[in-house]
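A.B. asks: Residues per chain, in single letters:
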Amino acid sequence: MSRHHLTDFELMILLAILRIGDDAYGVPIAREIEETGGRSALLGAIYTALDRLEENGLVTSSYGDPTPERGGRAKRFFKVTSKGLKAVKDTRRAFTALWSGIPQLKGGPA
Amino acid sequence: MRTPPTIASALLTRFGQPNAAFVGDLLEQFQAGKSRVWFWRQVIETIVATTVGDVREHPYLASRAIIVGHASAWVIARYAMFDLLHYDEWLFSRGLVGWFYLNGYGFPEWSLWPALGLLFAVSGWIVARTHRRAPPGILVVYALSVASLHLGFGLWRLAHPLPAQAHLVGVRECVPLAVCAFLGGMMGQQEHQFERRV
Chain A
1 MSRHHLTDFE LMILLAILRI GDDAYGVPIA REIEETGGRS ALLGAIYTAL
51 DRLEENGLVT SSYGDPTPER GGRAKRFFKV TSKGLKAVKD TRRAFTALWS
101 GIPQLKGGPA
Chain C
111 MRTPPTIASA LLTRFGQPNA AFVGDLLEQF QAGKSRVWFW RQVIETIVAT
161 TVGDVREHPY LASRAIIVGH ASAWVIARYA MFDLLHYDEW LFSRGLVGWF
211 YLNGYGFPEW SLWPALGLLF AVSGWIVART HRRAPPGILV VYALSVASLH
261 LGFGLWRLAH PLPAQAHLVG VRECVPLAVC AFLGGMMGQQ EHQFERRV
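Heads up: the sequence lines are chains A and C, in that order.
Each residue of the first sequence is one higher than the one before, counting from 1 in my numbering.
Each residue of the second sequence is one higher than the one before, counting from 111 in my numbering.
Pulled out of the complex, with its shape left as it was, chain A reads as follows (with noise of 0.2 Å):
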């Protein structure tokens, strides 16, 4: 079976569509990653990552409307496949195997 392996920002990108929901385009990916994650994110860095996600189908992603304040463009919305979600849960599987049993990281906050 073949697997892929998610990096951190790659994970957090997921996270965040999956947070935001139906609304999940550049700038709310962006806004969650830095609000919630605590890491400022550059829009080009957050696109480049997409487009691999869509390239491994993680990710699906349609046109919305051109608005003016957006200067006639669409926005492009995404949606985690079934693909991404398994993908996502692998991860945190992976990260809490490694994290359980550690005696450095007990008793302390999260």
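Please keep in mind that the hints were generated in silico from the structure rather than gathered at the bench.
Treat the hints loosely; a few may be bogus.
What the hints assert, rightly or not - Residues on chain C that point at chain A, a partial pick, calculated with CB under 10 Å:
1) A130
2) L136
3) Q152
4) G163
C-beta atoms are modelled at their ideal positions from N, C-alpha and C, and glycine is treated no differently.
Based on the hints, put chain C in the right spot on chain A.
C.D. replies: Just chain C now, with coordinates in the frame of chain A:
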């Protein structure tokens, strides 16, 4: 509605992410109150990332652009613009400026900058015209190579016993000449035919 920085927008369209949705996201955030500095930072970092990606994907084209650019600059300097680049010698040999030299007045080195700027603008134009099917970031690579070459030359001159004023010539030249190469290339890129895989 606020107007985003014109030059940054033009650079983004030509050298940055080709994705229209990405450009729309940038404009939306700018309209929502992000600063011009933020916009410029996004554009510059995007162009850098796109250029690095282009060079990784097309190393042969990037190398060829650098070789073509510097070779054409050398050929033009040697055969087409020799008199212009050595205009002080040309004038002196015709007895037109002898009085100035005899009385201690020479031409400052910066007086050559317009001719050098023209030379590298033409070389950038040639790079763009001979690489119309290459990614536009190739031009950024050539401009950076011009800057690196002159910076290296300037630092090399620093290590050699030349008159104090001449030491910084190569260092000072590196940025304006790279800009000239870049602008010349932009003029040659008007009919760009590269199709990026989106």
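A.B. asks: Each hint should be assessed against the structure and marked as holding or not.
C.D. replies: A quick look at each hint next to the structure:
no.: 1; hint: A130; in the structure: holds, 5 Å
no.: 2; hint: L136; in the structure: holds, 6 Å
no.: 3; hint: Q152; in the structure: holds, 6 Å
no.: 4; hint: G163; in the structure: holds, 8 Å
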